[in-house]
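Trainee: Chain by chain, the residues run as shown.
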Amino acid sequence: MSIRNLSTYFYTYAGVVKALDGVDLEIYKGETLGLVGETGCGKSVTALSIMQLVPNPPGRIVGGQILLEGEDLLKKSEEEMRKIRGAKISMVFQDPMTYINPVLTIGDQVSEVILLHQDLRKEVLSMKIEELQRKLDGVDPASGTARDFKSKIEELEKKKIDPPKPSKSEVKKAALKKTIETLKLVRMPYPERVVKQYPHELSGGMRQRAMIAMALSCGPSLLIADEATTALDVTIQAQILQLLNELKKEIGASILIITHDLGIVAEMCDRVGVMYAGVVVEYTGTKALFRKPLHPYTQGLLRSIPKLHKEMERLEIIPGSVPNLIYPPSGCRFHPRCPYVMEICKKERPSMFEPEEGHFVACYLYGRRGD
Amino acid sequence: MREAFPLKMRDYIIRRLLLLIPVLMGISMVTFTLSHMIGDPVAAYLPGGAVERIREQQIQQIIKAHHLDEPIYMQYWYYVNDIMRGDWGISRSDHDRPVVVSIQNYFPATFELTLVAIVVSLLMGIPMGIISATKKDKPADHATRLFSLTGISIPIFWFALLLQYTFFYQLKINKLPYLPLEGRVDDFVMISHPLKTVTGFYILDSIITGNWPVLISSLSHIILPGFALAYATLALITRMMRSSMLEVLRQDYITLAKSKGLSERVVIYKHALKNAMIPTVTVTGIAFGGLLAGAVLTETVFAWPGMGRWATGAILTDDIGAIMGFTLLIAVVYIVANLIVDLIYAALDPRIKLG
Amino acid sequence: MAELKSPLRMKSGISKWREDMAPRVRELRFTIYLLRQSPLVVAGFILMFAFIAMAIFAPWIAPYGPEERIWEAKLQPPSSQHIFGTDESGGDIFSRIIWASQLDLAIAVTVVVTAMAIGSAMGAASGYLGGKIDEVMMRITDIFLAFPALILAMTIAAALGRNLTNLTIALIVVWWPAYARLIRGQVLSEREKLYVEAARAVGAPTRRIIFRHVLPNSIYPLLVNATLDLGGVILTAAGLSFIGFGAGAGIAEWGRMIADGRNYLFQSPWMATFPGLAILLSALAMNLVGDGLRDVLDPRLRR
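Sequence lines, in order, name chains H, B and W. Sequential numbering from 1 applies to the first sequence in my numbering. Sequential numbering from 1 applies to the second sequence in my numbering. Sequential numbering from 1 applies to the third sequence in my numbering.
Calculated from the structure, these hints are not laboratory results. Given the structure is predicted, the values throughout are model-derived calculations rather than measurements. Fair warning: there could be bad hints in the mix.
[As the list claims (entries may be wrong)] Here are the simulated DSBU-like pairs of lysine-lysine, each with C-alpha atoms no more than 30 Å apart in a straight line:
| # | chain 1 | residue 1 | chain 2 | residue 2 |
| --- | --- | --- | --- | --- |
| 1 | B | 138 | H | 76 |
| 2 | B | 270 | H | 83 |
| 3 | H | 122 | H | 150 |
| 4 | H | 196 | H | 135 |
| 5 | H | 88 | B | 274 |
| 6 | H | 184 | H | 135 |
| 7 | H | 178 | B | 274 |
| 8 | H | 173 | H | 150 |
| 9 | H | 173 | B | 274 |
| 10 | H | 173 | B | 270 |
| 11 | H | 196 | H | 83 |
| 12 | B | 136 | H | 75 |
| 13 | B | 270 | H | 196 |
| 14 | H | 248 | H | 88 |
| 15 | H | 178 | H | 88 |
| 16 | H | 248 | H | 177 |
| 17 | H | 83 | B | 135 |
| 18 | B | 274 | B | 138 |
| 19 | H | 177 | H | 135 |
| 20 | H | 122 | H | 168 |
| 21 | B | 274 | H | 83 |
| 22 | B | 135 | H | 76 |
| 23 | H | 177 | B | 270 |
| 24 | H | 184 | H | 196 |
| 25 | H | 75 | B | 270 |
| 26 | H | 172 | H | 122 |
| 27 | B | 274 | H | 168 |
| 28 | B | 270 | H | 178 |
| 29 | H | 76 | B | 270 |
| 30 | H | 177 | H | 83 |
| 31 | H | 88 | H | 122 |
| 32 | H | 292 | H | 29 |
| 33 | H | 83 | B | 136 |
So that you can see chain H by itself, here it is in the shape it has in the complex:
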């Protein structure tokens, strides 16, 4: 996926909040991209903008392109987007308690995605064949009944090319089967029982697995995890992260991990984008970012993490505070807090420079206007 110059504004009472002001990102097939930044820098808004779920009365995507497999998602109609949501791109949210509907069962909430996006005719047919096969095994192979079963199976096998339209209950059964499969995929304990349970009957970790199941049930190309582990205990967090890592290999989807925790980025991501005040300021491979952070903001972030192996007198901070997005600073948004600020930083926003291969920074320390 290519995100080019994405801008999302919120038109509120107090003014226009420029939450995203020209965001550029690339997510390659099969890779895990991390998106880090402080609270309020626009990471979640980016995720919502990709899904086009930005709450419409105040918010609106005002510009840019989001290219997925060559097509610009921002040009698609609502109907087309609905086919993509949950099927091609799906999302896992932060707080499993508030993000799962309390009055519906887990099974229902996972099945509905499957029922919506998948054509289950083949599945129903396969189930019928399996059923007959099982009956066949339990019967004397020489008997007339066995012959009946065999011919029925042959008939059904022929229909595999263009399966008949199944009844509602058959479809539901097929969806249930797939739901349980998906729950097993996310290593949910006792999936047959969970399917009938309500969210409040599950633990936090199980609920989060349920949300992941809902997102993965239709094999998406892109999974967006928006602070997916923030609301969980540290031990559960570790379990969920491990799960995501394993699933990455099993499913082959790209994952966009949105977080403010650099530790998660280090563990999970192939590449990282650092966001500040609505723009991406640095963007490169994870190892490169940690070994040699280029943007002053990134440097500040990494410096401020207390380290166990070094003796420190006091904790390092980045002086100043996050800017008001209604009246953002002119030029480079970080300039009021930057220790290396130059005149040009106050006047014009830096574009992305590439001082090393694959390592992008939006800072005049690494390039001139026009590079």
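Using the hints provided, position chains B and W relative to the given structure of chain H.
Mentor: Just chains B and W now, kept in the frame of chain H:
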């Protein structure tokens, strides 16, 4: 495997019914006290109108027979005993019938009316509330809000008169088909096609016994009073539905539902509605009290032969037996209605642990 | 400890009070601004003030006196001399509606203020003292709340005697339990809050805590309920008068006028129509204002 009434639910019902007892006792005390403040206790037991011509001996007889010379707490004791045995006294204003019989006569009429009102309120109110919430700030929303604001501000009895004037008088003098002025059914129709009483509900009975003339007459008679009674409750439910729907649509799980690619319709009717119904159902229970009060006013205007009219007549003529009787009954009905509401609430929201 | 000589003199009396009040005044201005946003709410306020003005200035506005009867002019339809027509004894309906506003509004205000006072006192005491007293209070309010308002009021009014004073008393008795519950709830939730702990730790007496801390925070829901109840009382009082439990025959009271008008509903519909409109509009005003206040004072919806 689910049972029809899970064990927890059964225990809950029993517990609630048991808790009713102290409240009922309190209510009976209140009714007892009140009725003794109204009028002369002796007069309550005299056949209507005989107050002037009684003899000392008769007074003494009455006093002895109804323990009126004993201390108050003893009288209360006898009262409670009588109630339990089914002797709720005599209704002087209702041809000296036993109160229990009066209730049997009048309760079905009021209940039928109230039921129609509730059904209309829910059937119209819930969809209106949903539309108002999903089309917020658009003309449909403003119209609905005006409609429901009027509904909670309008005096029911005046609205009833308005309905009579428009749909009876105006239609009639303009030679158009019109709705009946008052009563529950056309007397001529009742006499020529006598209705066999099964439940006491004319509409139901006429369907069961296939008595079409009475059915048509009953239906046409219940339209105006039903709607007059329903309007206020309809307005309340619409407002409640609107506000709880708006609240629900702001929730996180709605965002998740949308992120699955579900259509607007599914999001509203499957994910939002069930959650939004919960506060609405609670409001319905509270509104039920308003319906009972409204029934009094509506029955007066439409001469509907129900509990409301009987109650009003009883109070105006100091009919103590009747007053105690219906006050007790209304309180019981109201409490039972609230219990039902709680049960529905628990059925809708799986988070409620009934223990 | 050295004497602290502050370069600024301590602000005295009025200027200090004004300073204390400054944040409250700002809140008030913001509230008024929010209220002005919705045209419906503004309309409600205007209506409300109109009715209040009508009641206060009745003697100057009403063309005819409350008891004036012109027998020859009975049952006249609306005309230039009688804007809303006349009733069966020749009274001018327009004037009677204006005179009746004094009565109905007075009843409404009396009932709500008294019920609020009694209810708040009982509720605060119950909530703060807790224990057995609280339990008993809860049962008592349960019993009162088990009856629909109209019916309970009817019974009490009948017990006391059918006149306006008793009607008012009956309505007060019916309405106070709801306030008691409300205040009790507020007290209970505020009690858990830390600043009460702090006040207690400093040794502030109970009464002071309730008055200076708990009550000011309960003003908002109290105000909203009071406004909405004004409308409710107007409707209930009118209903009771209609059936015959309040204003006697001939008295200028909205509900009573409708009852009188009912006898002439078809020939002289104006008799019942206009008083009903008065009730509708005054209750509507109260509901609009109450709704507006509720939406505006909800802390979640501000900002």
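Trainee: Decide if the proposed pair is consistent with the structure: residue 122 of chain H and residue 168 of chain H, CA atoms, cutoff 30 Å inclusive.
Mentor: Holds, at about 14 Å.
Trainee: Residue 177 of chain H and residue 83 of chain H: Cα distance at most 30 Å?
Mentor: Since the Cα atoms of residue 177 of chain H and residue 83 of chain H sit roughly 22 Å apart, the hinted pair holds (cutoff 30 Å).
Trainee: Checking one constraint from the list: CA of residue 135 of chain B to CA of residue 76 of chain H, max 30 Å. Satisfied?
Mentor: Holds - the C-alpha atoms of residue 76 of chain H and residue 135 of chain B are around 24 Å apart, at most 30 Å.
Trainee: Holds or violated: are the alpha carbons of residue 178 of chain H and residue 88 of chain H at most 30 Å from each other?
Mentor: At roughly 17 Å apart (the allowed maximum being 30 Å), residue 88 of chain H and residue 178 of chain H satisfy the hint.
Trainee: Just to be careful, I want the Cα atoms of residue 173 of chain H and residue 274 of chain B compared with a cutoff of 30 Å; is the pair within it?
Mentor: OK: residue 173 of chain H and residue 274 of chain B at ~24 Å, within 30 Å.
Trainee: Take a quick look at whether residue 270 of chain B and residue 178 of chain H sit within 30 Å of each other, Cα to Cα.
Mentor: 21 Å, holds
Trainee: Are residue 136 of chain B and residue 75 of chain H close enough, with their CA atoms no more than 30 Å apart?
Mentor: 27 Å, holds
Trainee: Just to be careful, I want the Cα atoms of residue 274 of chain B and residue 138 of chain B compared with a cutoff of 30 Å; is the pair within it?
Mentor: Holds: residue 274 of chain B and residue 138 of chain B sit about 24 Å apart, inside 30 Å.
Trainee: What's the verdict on residue 248 of chain H and residue 177 of chain H, does the C-alpha distance respect the 30 Å limit or exceed it?
Mentor: Satisfied, since the Cα-Cα distance of roughly 22 Å is no more than 30 Å.
Trainee: Run the distance test for residue 196 of chain H versus residue 83 of chain H: straight-line Cα separation, threshold 30 Å.
Mentor: 27 Å, holds
Trainee: Is the Cα-Cα distance between residue 173 of chain H and residue 150 of chain H 30 Å or less?
Mentor: 23 Å, holds
Trainee: Within 30 Å, alpha carbon to alpha carbon, are residue 138 of chain B and residue 76 of chain H?
Mentor: At roughly 26 Å apart (the allowed maximum being 30 Å), residue 76 of chain H and residue 138 of chain B satisfy the hint.
The earlier numbered hints are all upheld by this structure, with none contradicted.
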